[in-house]
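**Q** All chains, please: the whole structure from these sequences, using the hints.
Here the protein sequences come in this chain order: L and S. If you're matching positions, the first sequence starts at 12 in the numbering used here and goes up one per residue. If you're matching positions, the second sequence starts at 53 in the numbering used here and goes up one per residue.
It should be emphasised that the hints constitute simulated quantities derived from the structure, not laboratory data. Wrong hints could be hidden among the right ones.
[As the list claims (entries may be wrong)] Computed footprint of chain S on chain L, listed as stretches where at least three residues anywhere in the stretch have a Cβ under 8 Å from a Cβ of chain S:
{"no.": "1", "stretch": "161-175"}
{"no.": "2", "stretch": "261-267"}
[Stated by the list, open to error] Some chain L residues flagged as far from chain S (calculated, every beta-carbon gap over 10 Å):
{"no.": "3", "residue": "L46"}
{"no.": "4", "residue": "F51"}
{"no.": "5", "residue": "I72"}
{"no.": "6", "residue": "H99"}
{"no.": "7", "residue": "G131"}
{"no.": "8", "residue": "L147"}
{"no.": "9", "residue": "S149"}
{"no.": "10", "residue": "V153"}
{"no.": "11", "residue": "I186"}
{"no.": "12", "residue": "L208"}
The beta-carbon is built from N, C-alpha and C at its ideal position, and this holds for glycine as well.
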Amino acid sequence: MEFLDFFNYSFFNRALIMSILGGISCGIIGVWILLLNIPFIGVAMSHAAFAGAMTGLLLGINPVLCGFIFCIGSSIFIDPVAEKTKLHNNISISLLFSFMLGIAFLFIGMLKDYRAEVLGFMWGNILTTTWRDVILISIATVLLISFIIIFHRGILAILFNREISRACGIPEKLIFYVLLILSSIIVSLNLHSIGGLLIYSLIALPSASAYQLTYRTSTMYIISSAFAITACILGLFISTITALPVGATIILLSCSLFLISVIFSKKRNYEKKTFF
Amino acid sequence: MNTAVLLSDINLIANNSRYILQNINLEFNYGDCVAIIGPNGAGKSTLLKIINALIKPTSGKIKIFEEDISNKIKNKIGYIPQSNYFDPFLPISVKEVISIGLSAKYGILKKLSYNDSQLIEDIAKNVGIIDLINTPIGKLSGGEAQKLSIARVLAQDAKLILMDEPLSNLDNKAQKDILNTIDFVYQQQTVTILIVLHNLSQIPKSCNKLLFISNGQIVKFGKKEDIFNNKQFQELYNL
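**A** Laid out in structure tokens, this is it:
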């Protein structure tokens with residue numbers, strides 16, 4: 012079979028569309044997680060989504076929906092729990108992350124069937140994307156981009172400093188929780204493509220790469236999304252040709268792009284001129 | 053309207069029943085420039101955070117411009133926190149930070165017009181950072197970062213400006229520069245300024261009143277000369 016023959020297959024085209032939309036959405040939320048300095052929340056959300064998916068499989072409920080509920084629940088309750096218990100945010104997030112991972116593997120152990128589905132949610136399989144997945148991620152991506160365009164002034168304020176935003180009457184908490192909810196939606200919808208144990212890497216690495224290259228937030232969104240799309244599409248092509256696991260290939264390509272960004276970063280050369 | 057800030061019976065108690073602030077009754081008039089002085093741990097920064105509702109007191113009432121604190125009132129309060137450290141790679145420019153002041157004033161949905169851009173440039177010129185308008189904030193020196201904070205609250209058109217140790221970690225030249233900027237702002241605008249300071253030599257010329265706090269309690273509040281004659285104050289500062 013010629014490589015170009017793959018484009019005749021609907022499953023491959025769906026995977027390609029998912030790569031583009033998943034790349035855009037993960038690239039964007041990665042910028043928020045990096046600039047808000049909440050990497051652990053990103054990790055906790057990914058593992059909470061994975062735990063939710065396993066719970067869904069065990070209870071016979073839609074795993075993506077269950078993943079979404081766990082993801083939102085974990086991200087919304089981190090701040091209030093840390094406040095009430097007077098624990099540092101990172102400690103409460105570590106607790107949550109450990110708890111979710113424990114739940115996930117406990118339920119995996121209890122699942123007698125669904126082995127293929129479990130592995131799918133763990134490592135990801137973008138080639139099993141359905142048209143329903145494509146429609147849902149399309150809607151979520153449009154929502155995400157619309158939110159950025161309409162509320163970009165509020166988002167900029169909280170990316171700069173949450174305390175100052177709160178002090179001058181900008182609705183900081185509302186914007187922050189909307190960002191977390193949108194991030195939870197994106198994580199849950201990309202769970203099956205990239206996998207619960209790998210999705211955080213697709214969120215963190217493209218934005219970290221973009222951070223090396225630009226001093227403008229708007230450009231950072233674009234570069235981060237471009238890097239995520241590149242990793243996803245290249246990963247899809249490479250794994251199709253070589254039969255390597257697609258999720259792992261995407262993540263290793265993301266790591267390579269990050270290394271390239273560091274090497275070619277003009278920021279790191281301490282030049283005053285902006286790169287873009 | 054004469055009263056900018058009214059604090060009535062404010063108490064803040066920590067979990068271990070220790071009083072952080074005790075029995076605070078204060079009235080700052082509109083147009084006052086008050087230096088808040090006291091030893092470490094006196095509760096100076098906490099007092100500022102209570103005024104702008106970042107910390108909720110255990111008991112007591114706060115009125116800002118004779119109204120209860122709401123987002124509408126917070127839009128008129130400009131807060132400059134103690135720490136002004138920015139990550140060197142942060143992708144936010146000086147112009148964007150000043151525009152955050154406009155977001156506080158007009159709301160987050162309003163798009164910036166040409167006039168708003170002009171206003172931002174005028175403010176940057178007035179505080180002396182016009183050459184840095186497109187510079188990423190991570191590249192600013194300590195003094196430049198403080199000027200940026202002042203520019204931000206000017207863009208916000210804040211009527212009450214709260215500054216928490218704006219001169220810390222600055223060299224003498226930068227401190228003098230910031231003090232001149234504060235005096236300039238006070239003279240140009242009708243504002244009330246509350247400024248937390250550690251060092252007596254740092255009190256701006258514009259300050260007409262001093263608030264001396266120790267162990268969470270008000271020791272003395274009034275005109276500069278009255279405070280300097282207070283015995284506890286003299287002992288603390290070796291006068």
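**Q** If you check each hint against the structure, which ones fail?
**A** Structure breaks hints 2, 3 and 11.
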